[in-house]
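4 protein chains.
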Amino acid sequence: MQLTPPHKRVLSKPANLLNLRVRYSETDQMGTFYNSRALEWFECGRTEWMRHRLGLSYAALEEQGVFLPLIEAHLQFRGGARYDDLLAVSTSADLAGRARLRFDVQINQQSTGDPVVSGYTIHAFTDATHKPIRPPEWLVALMAKTAESP
Amino acid sequence: MQLTPPHKRVLSKPANLLNLRVRYSETDQMGTFYNSRALEWFECGRTEWMRHRLGLSYAALEEQGVFLPLIEAHLQFRGGARYDDLLAVSTSADLAGRARLRFDVQINQQSTGDPVVSGYTIHAFTDATHKPIRPPEWLVALMAKTAESP
Amino acid sequence: MQLTPPHKRVLSKPANLLNLRVRYSETDQMGTFYNSRALEWFECGRTEWMRHRLGLSYAALEEQGVFLPLIEAHLQFRGGARYDDLLAVSTSADLAGRARLRFDVQINQQSTGDPVVSGYTIHAFTDATHKPIRPPEWLVALMAKTAESP
Amino acid sequence: MQLTPPHKRVLSKPANLLNLRVRYSETDQMGTFYNSRALEWFECGRTEWMRHRLGLSYAALEEQGVFLPLIEAHLQFRGGARYDDLLAVSTSADLAGRARLRFDVQINQQSTGDPVVSGYTIHAFTDATHKPIRPPEWLVALMAKTAESP
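Chains D, L, A and P, in that order, are what the protein sequence lines are. Quick note, the first sequence lines up with residues 1113 to 1262 if you use this note's numbering. Quick note, the second sequence lines up with residues 1113 to 1262 if you use this note's numbering. Quick note, the third sequence lines up with residues 1113 to 1262 if you use this note's numbering. Quick note, the fourth sequence lines up with residues 1113 to 1262 if you use this note's numbering.
In short, the hints are calculated from the structure, not lab data. Do not take every clue at face value.
Not close to chain P: a few residues of chain A, all C-beta gaps over 10 Å, as computed [unchecked claim]:
id, residue
1, Leu1129
2, Ala1150
3, Leu1151
4, Glu1152
5, Glu1155
6, His1164
7, Arg1165
8, Pro1181
9, Ala1185
10, Gly1192
11, Ala1200
12, His1242
13, Pro1244
Subject to a maximum C-alpha distance of 25 Å in a straight line, what follows is the list of computed SDA-like cross-link-like pairs (lysine to any residue) [claimed, not checked]:
id, chain 1, residue 1, chain 2, residue 2
14, L, Lys1243, D, Thr1224
15, P, Lys1243, A, Lys1243
16, L, Lys1243, D, Arg1190
17, A, Lys1243, P, Leu1213
18, P, Lys1243, P, Asn1220
Ideal placement from N, C-alpha and C gives every residue a C-beta, glycine not left out.
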């Protein structure tokens, strides 16, 4: 009987790992940030999560032949953010199923804590030729270890 | 007895209203389009849907003080699209609840029909100061009429 | 005596090859298009110039191992363009020196002819590993032929 | 005799005011950053130059009715920068003529000092309705004072 499936939901602790300022180029004529920018900020959140929680840059992961293309995304826009506003990006990650990685991201105003946008992205594991692969064992182990750390 | 609720789900017919080519600027180092671009293509789909199905440009709608900020988005990435690929964007729209507009978008390769990305966006109705408003009656009527047309 | 230097300035005829609409994502809070978008529109101009004047897609050129990274750009912003404005992009190209390709681009309002932005980009010829190469003879010949055509 | 023209070239000291990382969204299929991103990084350089050298955010300047739309830009691409590379952005500014502001920007790899892109942007002074205005005296005085400071 399999009590501890090899890829059970391993939930990492959320962490406020990144501050970023809204760029003028990211605003639109409504005076707030254009919606698609949120997905770029989610990417910045993932990058810093991997660097700080796994001690591994995503750039290095790709050099080892492991790619994480996005296959699904969900976003909820909860409040405005204007040019030059300082935002706080909180990201957590877990393995979702056998070959999926899920990142949950929450972006708030740094000064007031007001929510700006939250959501998640789900990623496949592929090689450089876009073929699906299983998540490397060392990465699974690394994530499990990270989830347990205080 | 209320037989015709004022904001019942008014489903417009899907329509392939727009072709667009993947720009080089929209690719990333994985060799396919960067994920956030899909939300920009969804926007192009909405713009052309309104122009062709409602006979109304979104620019004109804003001039009349009606804004449609995005409050939720969901995207499923279903296949690659490379620089210069010609894409077909199909958009449909309906009123969702009392004060929400929902657009469903499907983007496929024009030449093969292969799916690229699909999803939806949900929009609030606000005035220029970002305050929620009820959808204008003329717009509700216009959408109902559009949904009935063959 | 060298009367016809192999890489003399071969000037292609300007041509209005492309219409594009300003996307909402391309506006900023000043209400007009954000400046960097002009370089993306220049790219669209180059792409269509190559397809229509050379009968060659830039995608195909890259597949043959010829890359045209941008090494210099100049832009003059001459007038506004708002969301949904229809723009006319005119592009011409010539070989500049032994191993440079130059594109001149002019973008105007389609309806009024009012200038929006003009400028040029200069490109090197490289292989896939970013190493400089000489422009392929067939491309030089093709451009010379194009320049002579009425 | 006019010894001190009111808007002589007031050259601010260059300063390395900003580090930024290349985002995945800023790469293209050539594997380096897409060219138009440089103009967005120039904007980040201007924003931080104003905050740190003038003690004034550009957001606050706009709230006072002073806008600085870009009217000319020149860029020289001098070296690659890949995803996650840490860049150093150095910006200086001066008044150019009666009603122009010029920013010179140099972007280098933080770790090696290798040049990535350099150039300048020239800005007009306008009010919120895009009408040209003269630069506010207090801003001219502020810039002169900044230029003299060690």
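Here is what the structure says about each hint:
Every CB of chain P lies more than 10 Å from the CB of Leu1129/A, the least distance being 20 Å, so the non-interface label holds. The beta carbon of Ala1150/A is not kept farther than 10 Å from every beta carbon of chain P, the shortest such distance being approximately 8 Å. Listed as a non-interface residue, Leu1151/A fails to keep its Cβ farther than 10 Å from every Cβ of chain P; the least gap is roughly 4 Å. Not every beta carbon of chain P lies more than 10 Å from that of Glu1152/A, the smallest distance being close to 5 Å; the non-interface claim is violated.
Not every CB of chain P is more than 10 Å from the CB of Glu1155/A (nearest about 8 Å), against its label as outside the interface. For His1164/A, the shortest C-beta to C-beta distance to chain P comes to about 22 Å, beyond the 10 Å cut-off, and the non-interface label holds. With 10 Å as the threshold on Cβ separation, the claim that Arg1165/A sits away from chain P holds: the shortest Cβ distance comes to roughly 22 Å. Once the 10 Å rule is applied to beta carbons, Pro1181/A is inconsistent with being away from chain P; the minimum gap is 6 Å.
For Ala1185/A, the non-interface assignment is contradicted: its Cβ lies about 5 Å from the closest Cβ of chain P, within the 10 Å cut-off. Residue-level check failed: Gly1192/A sits 7 Å from the nearest beta carbon of chain P, not beyond 10 Å. Distance to chain P confirms Ala1200/A as a non-interface residue, since its nearest Cβ pair spans about 20 Å, more than 10 Å. Against chain P, the non-interface label of His1242/A is violated: not every CB pair exceeds 10 Å, the least being about 7 Å.
Distance to chain P confirms Pro1244/A as a non-interface residue, since its nearest Cβ pair spans about 13 Å, more than 10 Å. Restraint check for Lys1243/L and Thr1224/D: the C-alpha separation of about 20 Å stays at or below 25 Å, so the hint holds. For the given pair, Lys1243/P sits about 47 Å from Lys1243/A by alpha-carbon distance, which is inconsistent with the 25 Å threshold. Restraint check: the Cα-Cα separation between Lys1243/L and Arg1190/D comes to about 14 Å, which is no more than 25 Å; the hinted pair holds.
Only pairs whose Cα atoms come within 25 Å are accepted, and Lys1243/A paired with Leu1213/P is rejected, the gap being roughly 37 Å. The straight-line distance between the Cα atoms of Lys1243/P and Asn1220/P is roughly 36 Å, outside the 25 Å bound, and the hint therefore fails.
Hint compliance for this structure: hints 2, 3, 4, 5, 8, 9, 10, 12, 15, 17 and 18 are broken, all remaining hints hold.
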